[in-house]
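Asker: Chain by chain, the residues:
Number of protein chains: 4
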Amino acid sequence: MKLVHDPIHGHIELDDFAVRLVDTPEFQRLRRITQLGLAFLAYPSARHTRFEHSLGTFHLARKIAGYNPEVDEGAVYAALLHDLGHYPFSHTLEGIYGRHEENTKWFIRHGEIGDVVRERYSIEEFLKLLKHPLVSGDIDADRMDYLVRDAYYTGVAYGLVDLDRLVRNLAWDGERLVIGEKGVMAAQSLLLARSMMYPTVYQHHVSKIASVMLVEAVKLEGIPFKEIRTMDEVDLVARLRRSERAEVRELIEAIDSRRLYKRVLYTDKDPGEKAVDELKRELEAEFGHLVLVDYPPKPKFEEKNAFVLVGGELKRLSEVSPLVRSLVELKDTHWRWGVYARADVVERVEKFIGLFVP
Amino acid sequence: MKLVHDPIHGHIELDDFAVRLVDTPEFQRLRRITQLGLAFLAYPSARHTRFEHSLGTFHLARKIAGYNPEVDEGAVYAALLHDLGHYPFSHTLEGIYGRHEENTKWFIRHGEIGDVVRERYSIEEFLKLLKHPLVSGDIDADRMDYLVRDAYYTGVAYGLVDLDRLVRNLAWDGERLVIGEKGVMAAQSLLLARSMMYPTVYQHHVSKIASVMLVEAVKLEGIPFKEIRTMDEVDLVARLRRSERAEVRELIEAIDSRRLYKRVLYTDKDPGEKAVDELKRELEAEFGHLVLVDYPPKPKFEEKNAFVLVGGELKRLSEVSPLVRSLVELKDTHWRWGVYARADVVERVEKFIGLFVP
Amino acid sequence: MKLVHDPIHGHIELDDFAVRLVDTPEFQRLRRITQLGLAFLAYPSARHTRFEHSLGTFHLARKIAGYNPEVDEGAVYAALLHDLGHYPFSHTLEGIYGRHEENTKWFIRHGEIGDVVRERYSIEEFLKLLKHPLVSGDIDADRMDYLVRDAYYTGVAYGLVDLDRLVRNLAWDGERLVIGEKGVMAAQSLLLARSMMYPTVYQHHVSKIASVMLVEAVKLEGIPFKEIRTMDEVDLVARLRRSERAEVRELIEAIDSRRLYKRVLYTDKDPGEKAVDELKRELEAEFGHLVLVDYPPKPKFEEKNAFVLVGGELKRLSEVSPLVRSLVELKDTHWRWGVYARADVVERVEKFIGLFVP
Amino acid sequence: MKLVHDPIHGHIELDDFAVRLVDTPEFQRLRRITQLGLAFLAYPSARHTRFEHSLGTFHLARKIAGYNPEVDEGAVYAALLHDLGHYPFSHTLEGIYGRHEENTKWFIRHGEIGDVVRERYSIEEFLKLLKHPLVSGDIDADRMDYLVRDAYYTGVAYGLVDLDRLVRNLAWDGERLVIGEKGVMAAQSLLLARSMMYPTVYQHHVSKIASVMLVEAVKLEGIPFKEIRTMDEVDLVARLRRSERAEVRELIEAIDSRRLYKRVLYTDKDPGEKAVDELKRELEAEFGHLVLVDYPPKPKFEEKNAFVLVGGELKRLSEVSPLVRSLVELKDTHWRWGVYARADVVERVEKFIGLFVP
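Chains as they are written, first to last, in the numbering used here: chain A, 3 to 360; chain R, 3 to 360; chain D, 3 to 360; chain L, 3 to 360.
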């Protein structure tokens, strides 16, 4: 057994099997994958990584399972490995390479870490556990850890959640984690915290602009999937710095020096995907990598999988809590799309855009 | 200048005039008025008093005024004195004696503290400042202090608010404190915190039952207004313990020993005031002080006085924030009325009530 | 099982037996015994009571015993009751009535709480457990709780101790709790925290002066031991306010209004007990209750009972830690005795004292 | 003016000049220099960088200067830039390349940041301010920030210091920052915190072993000073990964995967530099990079530059505080030197060493 110091949970206990999973190159790679991608350009102290978050998720999963002995123990280790497949800068590059979940599976199937898993579990059975409600629901160990951790590291005041109360009030009914009546407030505060972290941190415009710039650099560099999938941030940044293409070097240098593109357009008015695509093409033809368009998918706050047991009856959390219900309404509130340009072409772009967008 | 240690704000600076206001018997009396009344029977550590809260409110008011030099300086001292008139156990006895605000004015008019006020202000001008938005709005120094403080002392996780960000983003427009765009999230989180503290702490059923028992004891003792208005908690409790009426002594002893009445009825179905009044009379006739009815007013979360400046336009916070809007809906969610009885008569009361309430 | 919210430990679990001990008038009385006596006159927020501290001590004792199953379970309940006998304002009146430990025993022998104890333990066996190292050593659950708690409530920054690390590294060797090598730093920081809390909080001069005044009032009132032993703070303060002796009423009113005596003499030069006693008599003859002398015993930081297991060898913590060793040296550093007088006689007293003290 | 969120200080205000200093490639490079080097291998969450620490130091320097208007304003900006010259992984490589201070000067003389400095200051005058007591004393803004910050990020409980009290009680006497009487406890607790962070975090053996391995890799790679001085951690790690020497690639891979060398010898017995050097040579001849010797300089806790004003007299803090005095004694307590070897050669090395070391 090993104890790891953690500012969020105090001490995290790792049993021998967990230690052996952690002591693999695949898991250690997570130390070099920033939890919040480029958010540190807006919140300088947000330098925490998927490594600590994975340990924290494991810790909470272990505690929830401690109150629910019928939960499959494998799900607790799945919680530890759930983020193994993240690309450099976490979600930033998923638009290019697809979601990280498949890559997590690939690592477990083909990496040294898979050999450790195999000692106890069949790989295919284990992979199914990555979807276990313990780590993949609306109220799960993953979300509990990252909200509190992200708030701690950014210094933002929205992530205080009574984790202990929540953990004590989650009951496994064979299929899902059901929130007990005494946990409703804590669960609600978790979802509220998430809804406030969303615009404040996760969608901070500085982080968005830097991300679009990075995405462009990676696209221009043309890094194939089979290379990116095992890279860490050192690999990626070094590769971009050494690129043969001047535009790529210029983009990564601008990110490194925080000389970010400026907003030319930033709006919640949605002209539709087709119109935006066309604008994108026009801008690219005219300005190349000097102008970037960010047209993100709409955020989802469906929260449809949080169930509560009130007076013996199973209900959706949103039925019981008007605040959670209003989160659905909130869904689109913070959505924006934008056009960003290098400082010296902003004016030209403004004119150019004037012709296209009403 | 004097520095006071405070766990919420670090150090509170008191200028000489503030020191002289604090150094009066009327202000020192607040050390013996518990901030949350009998809530310590549910949250043992909630022993903080109106004294610390008043200093904290002053501190925040001073900071807000620091960013808004046009705010009348008297309002900052009014913030210090705004809770002067509280009766023992804060809001608990307001149902009998009326709201504390009038008593605050009475103290300032007639107490030693009024002599200090008079050195700088006309009393009547000063009394008007007790309604100043700095201390009497939806987003004000009073509320900012008590939410964070109550959360700190109860240990409940719902009161974390980014006070610094909020304070920096309140602008005085000559009439009210307007929230700047960068303060919207912090303001919203303040109101959400309040809405979660409400059922969890402020309306905790243990605290409610103990309060109804205290109210009954005070009524039976028949303490006149001119006596209660200057009492502190020592005076009141000692008086009830020494009462000539056995029922009064029994009630205060039960509170002291936390042998509280049990819930016979606790429901959100509202039969209307008339029906409840009749039941009350019937129960009193049959059981006397052994059965108590608590039929509280519906809580208000109108939040209609919080204004935001968004893109140069003044809007209500509730227009801008769907979450705040949903707080209005929430209004009735946590309302309950109840019938409570001494443990040994519960069964009899249940039968008795069966005849009256459908 | 019952959960109590606590800002220091999160949730405190009370098993059924603990609940029944807590639900007695003797234990509930602790809610009205301030943990730090009159320290709230210096640190307004220090309003916590022996009640919360007793629950916290129980919680830590339970955790330590959890890692050491050979510890007598009775000692964990003894931890809960160890402070039962405190007089109003905790240690303040021990100079008159003797240490509270005897009174704790008396309550357990004669109170309703004793009946609960008897269901599981022989009273005399149980009373011995009040001296168990779990609650009565240099590194024990009592001290761990009060240091962290007192720091939290005063807002002073010296009480942060890694309780979790300490608790995990205490091993019962059949006779004492021995600190493991990995707990040395945490144990050292506990003793350092104590040494810094001592002058800053526990011996704060404001608290000292108020205490001497209260002691004088109680002496003048002549409250017999058999009365004080069951009083809470309401009883005591109410009694002093109603005293037939004007001096007593004057003293309690001065404490209530924080109109404290002023320092005439405050020195670390010790003329010896005899000389001080003589001065005391002279001053009393001349000034009565208007001048008070405080000649406290020297503080002890012997720390001789903290043992560490280093490399398989049992050593005193002070052997291993030069910092702890230097705490012994510190012993007298903060000791002071003083003469305090009502503001209006200060000058006269200064002259008078000039004749006696060189 | 710009506000930066910071978990330690809340919001850090940057004036326009500070913003322009921060917005240079040289300052932004600090985002990629970990504050605690390889300590994250022991404390996974210690991922904070010199960037945040520099902002925090500036913030505290600004506050101290706010209470002391005679302090040269340039010293506040010097505080911002004091760590500019750190090499990758902070102090780790100073044994090879010398202390970072000279490199800080070089950046200011030759970098884009120097151009900003020159707008207000003569470079040579400004460079002298890097030694200003505000940022280079025993009690200075640098140390205040890093202790509290390092504790926050590691989650270790020894770094709580009452910064506000300390800041308020530092008085500039024209030559140094003198601690006022009311700041003595806070200053003492800062030095104590440092002495506890030292063995627990700064000299953690895991961090030491990884550091020796990195030093060896850098030596083998033979990176010239003029290259390392401008590198960030991406540059360095990428360079080592791409090395033509297999030993270098092996070492960095071992660090990346946390497959660290094992302790063969770890002792506080000092055979003297000469003997150790000889051993080093013998080991190198026999085992090459597979065995590494770490023989660090003895730590210094002289604390001779902390002055206190007590009763109008200037004294050394160590005269006033026996605890601080005992820190000098502590000096050697935690010193150790060690021999570390790759797991597979440990046994052979143990035999080999047996011949040399008694």
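Heads up, a few of these hints could be off.
Identical chains share a label here; the pair holds if one copy fits it or two copies do between them.
Claimed, not checked - Derived lysine-lysine pairs resembling DSS-like cross-links, with alpha carbons at most 27 Å apart:
| # | residue 1 | residue 2 |
| --- | --- | --- |
| 1 | Lys4 | Lys184 |
| 2 | Lys65 | Lys282 |
| 3 | Lys221 | Lys282 |
| 4 | Lys184 | Lys65 |
| 5 | Lys282 | Lys184 |
| 6 | Lys107 | Lys65 |
| 7 | Lys282 | Lys271 |
| 8 | Lys276 | Lys228 |
| 9 | Lys282 | Lys306 |
| 10 | Lys317 | Lys4 |
| 11 | Lys300 | Lys65 |
| 12 | Lys302 | Lys133 |
| 13 | Lys4 | Lys264 |
| 14 | Lys228 | Lys107 |
| 15 | Lys306 | Lys133 |
| 16 | Lys317 | Lys276 |
| 17 | Lys65 | Lys353 |
| 18 | Lys65 | Lys4 |
No wet-lab data here; the hints were simulated from the structure.
Note that the coordinates shown come from a computational prediction; the quantities given were computed from them, not determined experimentally.
Asker: For each hint, tell me whether it holds in the structure or not.
Answerer: Hints and how they fare:
no.	hint	in the structure
1	Lys4 with Lys184	between (33 Å within a copy, 13 Å between copies)
2	Lys65 with Lys282	neither (48 Å within a copy, 48 Å between copies)
3	Lys221 with Lys282	within (15 Å within a copy, 49 Å between copies)
4	Lys184 with Lys65	both (17 Å within a copy, 24 Å between copies)
5	Lys282 with Lys184	neither (50 Å within a copy, 31 Å between copies)
6	Lys107 with Lys65	within (25 Å within a copy, 39 Å between copies)
7	Lys282 with Lys271	within (16 Å within a copy, 58 Å between copies)
8	Lys276 with Lys228	neither (31 Å within a copy, 52 Å between copies)
9	Lys282 with Lys306	neither (35 Å within a copy, 43 Å between copies)
10	Lys317 with Lys4	between (40 Å within a copy, 26 Å between copies)
11	Lys300 with Lys65	neither (34 Å within a copy, 39 Å between copies)
12	Lys302 with Lys133	within (18 Å within a copy, 42 Å between copies)
13	Lys4 with Lys264	between (48 Å within a copy, 17 Å between copies)
14	Lys228 with Lys107	within (14 Å within a copy, 44 Å between copies)
15	Lys306 with Lys133	within (16 Å within a copy, 44 Å between copies)
16	Lys317 with Lys276	neither (40 Å within a copy, 34 Å between copies)
17	Lys65 with Lys353	neither (58 Å within a copy, 44 Å between copies)
18	Lys65 with Lys4	both (16 Å within a copy, 19 Å between copies)
Checked against the numbered hints listed earlier, the structure breaks hints 2, 5, 8, 9, 11, 16, 17; every other hint is satisfied.
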